[in-house]
Amino acid sequence: MQLISLQDLSVSYGGNTVLSNVTFGISPGEIVTIVGPNGSGKSTLLRSVIGAQMPSKGTVNRSPDLRIGYVPQKLHIDPTLPMTVRRFLSLPDRVSNAQATSALEQAGAGQLSNRQMADLSGGQFQRVLLARALLCQPQLLILDEATQGLDQPGSAAFYQKIETLRQTLGCAILMVSHELHVVMAASDRVICLNGHICCEGEPEHVASAPEYRALFGSGTQGALALYRHEHNHSHDHSCGHDHGKDETGGQHSHPAHEAHR
Amino acid sequence: MITLFDSFLIRAALAGTGVAIAAAPLGCFVIWRRMAYFGDATAHASILGVALALGFQVPIFAGVLIIALLMATAVSSLSGRGFAMDTLLGVLAHSSLAFGLVAVSFLQGIRIDLMAYLFGDILAVSRIDLAVIWGGATLVLLLLWARWSALLTATLSPDLAYAAGINPKREQLVLTVALALVVAVAIKVVGVLLISALLLIPAAAARPFAATPERMAAIAASIGALAALVGLQASFVLDTPTGPTIVCAAAVFFALTNLGSAIWKNRLPAVSNDR
Numbered sequence: 001m002q003l004i005s006l007q008d009l010s011v012s013y014g015g016n017t018v019l020s021n022v023t024f025g026i027s028p029g030e031i032v033t034i035v036g037p038n039g040s041g042k043s044t045l046l047r048s049v050i051g052a053q054m055p056s057k058g059t060v061n062r063s064p065d066l067r068i069g070y071v072p073q074k075l076h077i078d079p080t081l082p083m084t085v086r087r088f089l090s091l092p093d094r095v096s097n098a099q100a101t102s103a104l105e106q107a108g109a110g111q112l113s114n115r116q117m118a119d120l121s122g123g124q125f126q127r128v129l130l131a132r133a134l135l136c137q138p139q140l141l142i143l144d145e146a147t148q149g150l151d152q153p154g155s156a157a158f159y160q161k162i163e164t165l166r167q168t169l170g171c172a173i174l175m176v177s178h179e180l181h182v183v184m185a186a187s188d189r190v191i192c193l194n195g196h197i198c199c200e201g202e203p204e205h206v207a208s209a210p211e212y213r214a215l216f217g218s219g220t221q222g223a224l225a226l227y228r229h230e231h232n233h234s235h236d237h238s239c240g241h242d243h244g245k246d247e248t249g250g251q252h253s254h255p256a257h258e259a260h261r
Numbered sequence: 262m263i264t265l266f267d268s269f270l271i272r273a274a275l276a277g278t279g280v281a282i283a284a285a286p287l288g289c290f291v292i293w294r295r296m297a298y299f300g301d302a303t304a305h306a307s308i309l310g311v312a313l314a315l316g317f318q319v320p321i322f323a324g325v326l327i328i329a330l331l332m333a334t335a336v337s338s339l340s341g342r343g344f345a346m347d348t349l350l351g352v353l354a355h356s357s358l359a360f361g362l363v364a365v366s367f368l369q370g371i372r373i374d375l376m377a378y379l380f381g382d383i384l385a386v387s388r389i390d391l392a393v394i395w396g397g398a399t400l401v402l403l404l405l406w407a408r409w410s411a412l413l414t415a416t417l418s419p420d421l422a423y424a425a426g427i428n429p430k431r432e433q434l435v436l437t438v439a440l441a442l443v444v445a446v447a448i449k450v451v452g453v454l455l456i457s458a459l460l461l462i463p464a465a466a467a468r469p470f471a472a473t474p475e476r477m478a479a480i481a482a483s484i485g486a487l488a489a490l491v492g493l494q495a496s497f498v499l500d501t502p503t504g505p506t507i508v509c510a511a512a513v514f515f516a517l518t519n520l521g522s523a524i525w526k527n528r529l530p531a532v533s534n535d536r
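Keeping their order, the protein sequence lines are chains A and B. All residue numbers for the first sequence refer to the numbering used here, where the first residue is 1 and numbers rise by one. All residue numbers for the second sequence refer to the numbering used here, where the first residue is 262 and numbers rise by one.
Everything labelled a hint here was simulated from the structure, so no lab data went into it. All C-beta atoms, glycine included, are put in the ideal place defined by N, C-alpha and C. It cannot be assumed that every hint is accurate.
[Claimed, not checked] Simulated crosslink set (EDC-like; lysine to aspartate or glutamate; CA at most 20 Å straight-line):
hint, chain 1, residue 1, chain 2, residue 2
1, A, Lys57, A, Asp8
2, A, Lys74, A, Glu145
3, A, Lys74, A, Asp151
4, A, Lys161, A, Glu145
5, B, Lys430, A, Asp119
6, B, Lys526, A, Asp93
[Unchecked claim] Where chain B lies over chain A, by a calculated footprint (3+ residues, C-beta under 8 Å):
hint, segment
7, 11-25
8, 43-53
9, 154-167
10, 187-195
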């Protein structure tokens, strides 16, 4: 039984088709990564999965009582809204102090409980978002470019955390990222998206697929893909070392330059 | 039988505190969601409600409530269709106010004191008005209490709400209904032009001292109630119009709390103590 399955999903905004005929599903315990250029409909796809976006065609089937832990790309908390980390964890359902503490520890954000959300650094904020997502004991954890704004060691550490969590919690993970070199290695399945599913399969398969190369460049594979992919973002990923090997590595290998917190 | 409620000052005090206590927590959401002008628009539209109520001879409360609800749903459903929210609110607010004022002039044989609706007439509050105000205030507070967590989640992020199985559009509707209710009960107390003030100022005054949303709502309600009492007393002593005096009192609280917190934190004064 799949946790969630999309059948022939199409989404359009005012005559503009963003996604067309997307069909895929996620099984329990699976790590699925969606990669694709900007504007390829990645976020729209995730929003369809959580039910925030109505499909213009096709269906989204969730298994009954599916618990989704959602870590958004970015969460802007209005400065007029006072919010401690502890209070935030109790949204929307109240959790005990013990639960809150253990979720924070799991997410690597212990000691932050009494801080104001607005005062957290980018990395702390993402870990608190993750802690909150863990509190509903999710069967499916959804991460939307969860490491945006983190530096490379920070995001590498974040994804390492995610993989440990998958092992301890056994939840399925659906994530979107353009940090291909970090993410693809940890995935069971990669979906390459550009308005429709260009190709999908195991990371090795996708990385060598012609459709993927057409989108992200070939030759240097990941490194070039990453660079091209990022050019209208302010992040700096042109850090000089070779990411090419990482993507084609085994399923649970990590990039060598990962920093440990 | 003569009771305490027979004193117009006591009734005014009860009316003022009732409205303030309901308006303040709702005002917090209005601030957090940056929909300050939404309150204004709903309030201005209510003049049309007054005119229609008088024309069709239904209770003013009902007329105002219906128009305020219509206005709020119109704004919600029209938003995101080609016009920016502020444009839309400006068009709807001012045109409904204008239509309201024109409609009032058509009412023949009925002499209405427009000023009383624009600026409120808290000293003329009757026992029935009092019952309506406290009934409405209780309803608003119950509504907010029942939906608090969902409202807060939807306010933080609609997507976060969706993922948790909460429909943010429904929560928006809850807020809209609550807003219409507050406007309808507050029109008598502070009038159409100053309702937004009672929503926003106590909440803004409470911000510097609040660490959580709940505390902000509670502090805002206390400040609002206090402002109502202080304003009432001041208007009695100084012989000033009561509604505006209450708003002045709230504004003074706002200045004091924000100045106080700025001095307390030993830095330049800021509107709110963030970032």
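A quick look at each hint next to the structure:
1. Lys57(A) <-> Asp8(A): Between Lys57(A) and Asp8(A) the Cα gap is close to 7 Å, so the pair holds against 20 Å.
2. Lys74(A) <-> Glu145(A): holds (8 Å)
3. Lys74(A) <-> Asp151(A): Roughly 15 Å between the alpha carbons, so the hint for Lys74(A) and Asp151(A) holds.
4. Lys161(A) <-> Glu145(A): holds (15 Å)
5. Lys430(B) <-> Asp119(A): The hint is violated at about 29 Å.
6. Lys526(B) <-> Asp93(A): violated (33 Å)
7. 11-25: It is violated: at least three residues are needed, and the segment 11-25 of chain A offers just 0 whose Cβ sits closer than 8 Å to chain B.
8. 43-53: holds (count 4)
9. 154-167: violated (count 0)
10. 187-195: violated (count 0)
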